[in-house]
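J.: Given these sequences and hints, build the entire structure.
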Amino acid sequence: MKSERWSMLVLSVLFLCLSSTIAVSNQAPLRAQEQKVIDYLVKDWGEDYSVTSVDIAMKALKVDQSDESRFRIGSYIKSHPELHEVIRRWGWVTLVLTPDEKLIARALVNAERDGKSPPSLSELARAVAITEPDVKRGLAMLERYEILTKDGKAGGAGYRVIPRYIKWEPRLDFVFHNVSSDGGRQFSVN
Amino acid sequence: MLLVSGKLANEKVTVDDSSPEGTARIHVVFDKGKLISREPASTIFFLGGG
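So the sequences go chain by chain: U and L.
Read in order, the letters of the first sequence are residues 22 to 211 in my numbering.
Read in order, the letters of the second sequence are residues -7 to 42 in my numbering.
The set of hints was computed from the structure by calculation and includes no laboratory data.
Every residue, glycine too, gets a C-beta built ideally from N, C-alpha and C.
Among these hints, one or two may not hold up.
Unchecked claim - Distance condition first, Cα-Cα at most 27 Å in a straight line; then the derived DSSO-like pairs of lysine-lysine:
| # | chain 1 | residue 1 | chain 2 | residue 2 |
| --- | --- | --- | --- | --- |
| 1 | L | K24 | U | K80 |
| 2 | U | K83 | L | K4 |
| 3 | U | K57 | U | K83 |
| 4 | U | K171 | U | K157 |
| 5 | U | K99 | U | K83 |
| 6 | L | K26 | L | K4 |
| 7 | U | K64 | L | K(-1) |
| 8 | L | K4 | L | K24 |
| 9 | U | K64 | L | K4 |
| 10 | L | K(-1) | U | K83 |
| 11 | U | K80 | U | K64 |
| 12 | U | K137 | U | K157 |
| 13 | U | K188 | U | K171 |
| 14 | U | K99 | U | K157 |
| 15 | L | K(-1) | U | K57 |
| 16 | U | K157 | L | K(-1) |
| 17 | U | K157 | U | K83 |
| 18 | U | K80 | U | K57 |
| 19 | U | K188 | U | K157 |
| 20 | U | K137 | U | K99 |
| 21 | U | K99 | U | K64 |
| 22 | U | K80 | L | K4 |
| 23 | U | K188 | U | K137 |
| 24 | U | K80 | U | K157 |
As the list claims (entries may be wrong) - Far from chain L, some chain U residues (derived; all Cβ distances over 12 Å):
| # | residue |
| --- | --- |
| 25 | G112 |
| 26 | S138 |
| 27 | A148 |
| 28 | E153 |
| 29 | R158 |
| 30 | G176 |
What the hints assert, rightly or not - Label-pair ranges, simulated between beta-carbon atoms:
| # | chain 1 | residue 1 | chain 2 | residue 2 | range |
| --- | --- | --- | --- | --- | --- |
| 31 | U | K64 | L | G25 | 22 to 28 Å |
| 32 | L | P12 | U | L82 | 26 to 32 Å |
| 33 | U | T170 | L | K(-1) | 39 to 45 Å |
| 34 | U | R165 | L | A1 | 39 to 45 Å |
| 35 | U | E164 | L | F37 | 31 to 37 Å |
| 36 | L | T35 | U | D85 | 30 to 36 Å |
T.: Following this line, the structure appears as structure tokens:
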């Protein structure tokens, strides 16, 4: 009986190790420009209370922005909290999402939390003051980060918020305060 | 504090903020530590530090 329990424990540990290895190896390696963004952020975070987000860093470095590239950098930050205390203190969400994505998430979170019907694409576009195609891109990104999940029965835009994000206020996940000076410095604070 | 007495006190600084709760955006401009403009006009600005 005791040896069976040990075997189960060993198997569970092996399974967990294997799963994390697969998760890490599934992530595409960062390109040189993307690594440059990570290096910039690690140096910038904490300077002047900075919690600079990926999009601001890419803008500061004049790196071409695409959802794909931002997602690769964001996923790297998500899976590497050891990179900097700022990730561990504030969480990866506030560092990797753009203002538009944060506001889309807020609209869905607030509706779900308040028991209201989920906003449609056009309602989200109006609420966040962006176009419907931009709302779709934002929703897709939030789904990739596992903040939202697609649900055909949800109504509205067809997404539900993953429960741990329903109460977002204390975590500051969907907050942004972006600062830019005429001296050229761009950063975010919380 | 960076804005009024720190290293940004002599610069023109733009702050783009999320509202505390909703989906509105706030855009505030300071010049040499002084508030120059704010959108929406109903924006209330608290200065403090912790």
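J.: Looking at the structure, which of the earlier hints fail to hold?
T.: As far as the earlier hints go, 16, 20 and 27 are violated by this structure, in ascending order.
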